[in-house]
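Generate the whole structure from the sequences, applying the supplied hints.
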Amino acid sequence: MSASLVPIPATLVRILPEDPENRLFELQTTTPFHVGPGQFVELTVPGSGEFPVSTAGETATGFATCIRQSGRVTAAMFQLDEGMIVGLRGPFGNGFDLTRFAGRDVLLIAGGLGIAPLRGLLHALLEERERYGRIVLLYGARQPENILFREEFEELAANGTVELRFSVDFAPQLGEGDGYICSVGLVTELLQGLQLAPDATTAAVCGPPSLYGCVLEQLASTGIDPDRIFATLERRMKCGTGQCCHCVCAGVTICRDGPVFCLTELRSMPGAI
Amino acid sequence: MDGFVVKADFLPRLLQQLQENYQVVGPVRGEDDVCRLQPLDEWSEHQEFSLPRISVKKYLFPPNELLYTTKNGTFEPPPPPEQMAVVGVPSCDLYAVDFLDRVFADDPLYQRRRSNLLLVGITCHPSEDCFCPPRDTPPPFDLFLDEERVFSGTPRGDELLQQLGDRLIGEVEIDHDWTCEAQGPPLPENLERRWAANETKSFWEEIGGRCLGCGACSAVCPTCHCFDMQDRIDAAGNAVRHRIWDNCFFPNFALVAGGHDFHPTRGARFRFRCEHKLLGFGVFRGESSCVGCGRCRAACPVQIDILEALDHLREGAIP
Amino acid sequence: MIRTRIAYIRLTSCSGCQLTLLNCEEELARVGELFEPVRFEMLSSAADDGGPLAAVLVEGSAARPEEVQRLLDLRRRSRWLVAIGACALSGGVNRLVDDRQGEHCAAVYAGVCTGRNMFPPQSIDHFVAVDLCIPGCPPEPQEILGALLALQRGTLPGFLREHAVCMECRQRENLCLLLERKLPCLGPVTRGGCNARCPSIGIVCEGCRGYADQPAREEQAHLLRDLGLSERQVRERMGRFTGGNHETP
Amino acid sequence: MRRLEVAPLTRVEGHGRVELEVIEDRLAAARVLINESPRLFEGMVLGRDAAEIPSLVCRICAICSTVHRLAACQALEQALGVIIPPRAALIRELALLGGHIESHALHLYCLVYPDLVDADSVLQPLQQGDPLAKDGLALKAFGNRLQTVAGGRRIHPINLEIGGVLHAPADDELAALQDELEGWLKRIEPLIEPFFREDAWPDAGPVAGLRIAVDGNGEFTLTGDNLVCSDSSMVNASGYRDLLQETALPDTNAKQSRKGGTSLLTGALARCEFASPGDKTTPFPPGIHANNAAQGLELVWSLERAHDICRQLRAETGDLCSPFRAGPGSGTCVIEAPRGILVHHYELDDMGRVGAADIITPTAINSTAMEEQLLADLADETDEPTMRQTAARIIRAYDPCISCSVHVLRVDRP
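Chains as they are written, first to last, in my numbering: chain Y, 10 to 282; chain G, -13 to 305; chain C, 16 to 264; chain S, 51 to 464.
FYI, nobody ran anything at the bench for these hints, they're computed from the structure.
No experiment lies behind these values; they were computed from the predicted model shown.
Wrong hints could be hidden among the right ones.
[Claimed, not checked] Cut-off 30 Å, straight-line C-alpha distance, at most; resulting in silico cross-link-like pairs (BS3-like, lysine-lysine):
#: 1; chain 1: S; residue 1: K184; chain 2: S; residue 2: K236
#: 2; chain 1: C; residue 1: K197; chain 2: G; residue 2: K44
#: 3; chain 1: G; residue 1: K57; chain 2: S; residue 2: K184
#: 4; chain 1: G; residue 1: K57; chain 2: G; residue 2: K44
Below you can see the structure in the form of structure tokens.
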């Protein structure tokens, strides 16, 4: 990590529209730049601004991030074309500690754009697939067309690498090709009927605040050790280095001490979720 | 560390010496009776070492600092700052520099400024607003003037004393009491537990109900270091970014994408500031960064006082 | 180089926001290099070709159907619409006549004006979507220029903040007029960005940039009353640029 | 009959248009119309404390904001019986001169100069590096600097209040201004020369209207107690209504000024004719276009006067503001705005609140003369494009300020 506030240039090598609102941007730097799963970077659109974004996995030449057009700077980002230069700072924060997952079943629960960091984690797990037991991915999206990386996940499910279940908030009608969509409703409903071995499972959760409110304690109540239930928090992380104070919660700098925390830590941070 | 008794004209000579290599600034009382740090041309007999409105922080962590300019697809940091000497820094502000040094330990731009800054400390003359915490270790300084004595704290300070050897009379023991005479109440014990127990809203919301949210307290604080970054296009067509002082009293400070505000009321914002000052954030948890200069108390248009918060915590029950 | 097509129009106002751009004397040549003023009657005689625009800048409040029509037409043609100045943002001083418009009209025109074909001046967001607001009476030249440069690069500017004047005033290490001179300064509730222009020369902030984000209006009113202002004076002082004197803080 | 429209009028301040009625290829009638909403400042101020008024009424017009603010201060000081300190009077005059320089430079170099080089706007000559456009804008910027130093801000000055001023420029600021003024005085002549060139203007006949100005006893002045008229009449400010007989036109939001049925002309040209300076060897261009040259001449006088004031101010250390007590009274101020006479009149009730207000702006006074001038100068013109273009240039020559004349010109009929 560099604490410098001066970005380094990165090239947008590929831009893939994921759904109507989200795009996957693949970035490449001239010097090696490794972002671990759960870590984040600060992306600069020159002249417009900077925003924090987590890695959605590494690529052959760099890494990818999934960005939703939600504000002024992301709107400017969406105006950029392949080959253009953006600024990059980081990587920042404590990501997922893979040793906490090793030798255990892995339960990944994502809501909405929260799938992006978990995809990064999933990719890291798949690097050494044999070190882990079952990998279960539960993913809730608004509508079927909002399911990001759907083909990729369905392929992994089809060849047995991961167990996959989608839920959607709305769906007019589930058709033939919707095999992995198991429920219309909250992603937590997907937990029902899962044959989990709580004492052998590590969970990672990422999604909007409302997701954390219901899912984390529910996981604990199934018997999973709160030290092995991880969530990644979203705050207004500006500097990434614990200096600017924007993301501080309960005295903890989310950008530097997090953004990945286990449930035990979160329980001692009032207001964190 | 060396200590010497100095001759009467030591200060003016020191200033002369500094002016050869540094831009020299010091506290100057303006026509409006406000004391500010500003460039010093000459030593005035009436030089007054009162607390400037804003501490030496403004040179280390400027309110508006260029971070980079884009040039042909790269991000160019600004040229290095000039060598600067600040004369007449009271010890509370020196302790504040020590805190900032650690906050920005990994920040190359800050460190570049810091290494180009020479600090000449001075025994302070406390105002009625001061409430310094007890101190047993010296703050950082290159030179420190204690009435008719001078101490050196760095090789740079040693070198200056060598150059001014003819203004020194004799070597002395350094027996300075770093605790200011305007000593404030000590922090209550078990502060973290008291803090957790005092999450009750009523006290903070009562204060928040008076607070204007103007941010004056943070703006004048020598250790407040929240910042924001602003991007723009300069007249030449380059993208530039500035680091600017931010303020935890501003409504959008803890606003996240999607519109959730983690500090939705002025009471919550005041509590956040007190938490930062008294309990510290992140790696500084457990360390108070309040140096007791009293600027925030003096600057508040509605007389909100951090000591009031401290009293509240002290008097509150611990579970 | 293709210049960015902009329009700068004025509705009911004093021309101060347009003049603010013309007051950027040193930068005007650069403005001319980057922008084509498709419609900017105070500056240029070029006839509006009716084509699409990157941005339309609007000064003034809307007070007549004809002005609303002009707004709607330009909104349709433009990617961005920028509201500039107190009149466009909140109605500004124009709002001070509001509920007495007919009465004033009769007084000023000796009974011959009927107030026909006009309505109480409104901020323009009543009629069109506004992408960017640049406050002030008058606005700050650097804010207009900075915004134009950002728009020219295809992004809305990110440097316009909504905090109180006090922050900038403290950064300039000014004497606090409110606290140390007991003068009725509106710095604590007024939107900054002016670098505390007035308090820096010892003159109280009159609130010309409108309210800061989430202003502590009641607390400010309380302060002013403590300084000896009457209820009516508090209302008039705080309402001068913020939508009239009808609202009691 | 055909109706020709020059719409919108461009490179003038405010929205207006000209309607020309042509009968058998000859101009039969000319009307100057405005496209502005009434802003009712005279109503807005009613019932408000006198102290509130200066900062409200300066918002009538940005270009004339200094002079509007000053007019209100002076009228209200008269009403309240306040005598301002001499130092404040100097600072105010410096702000006024700054406004004058800025406005004249804006008019000459941004609004008129494009006509001389056949451009749509000043941006074209600027980009081509035309030194006159560049220097003209620098002069405009300097006028703004004077307004900033003395008035606190370029537009809507903050430093002028009832009783005097609130802030005094520092000595080093004044010294810097003095140096800059000396520089400008050395280089001003070639800058105004193009506006004296006879061949730069369309053919034009004699200038219509009785000249009126604030009386300076033969000297250049922007302030004074009396109005003087070219028919040799002179009235005190308080008798302004005798000279400017204003009538509201039926069925419109408009008022017009005349004197006994004769139109009036106010502005730089009128002022120059009364000021009769020692050196007026250069002949003015024809007709109303001479107003541009007169503005050039006034730029020189204003720079000289500002230099003199800076010098005097540096020696002044007195008070800045006289205290006043709210109470009843009435007061009138006549003052020269860049484009002519401005009148502010207020009546205060026992509480010191405004009971009546009357504001007359120069463009309102000139409006009748403008129409007469159009008729006279275009009488022999038959070519329509030329007619439109010349009409626009004639109106522009008055340097009209349509936005501040809003209640005194005819607006579009509904």
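Q) Failing hints, ascending? A) Hints that this structure does not satisfy do not exist here, as all of them hold.
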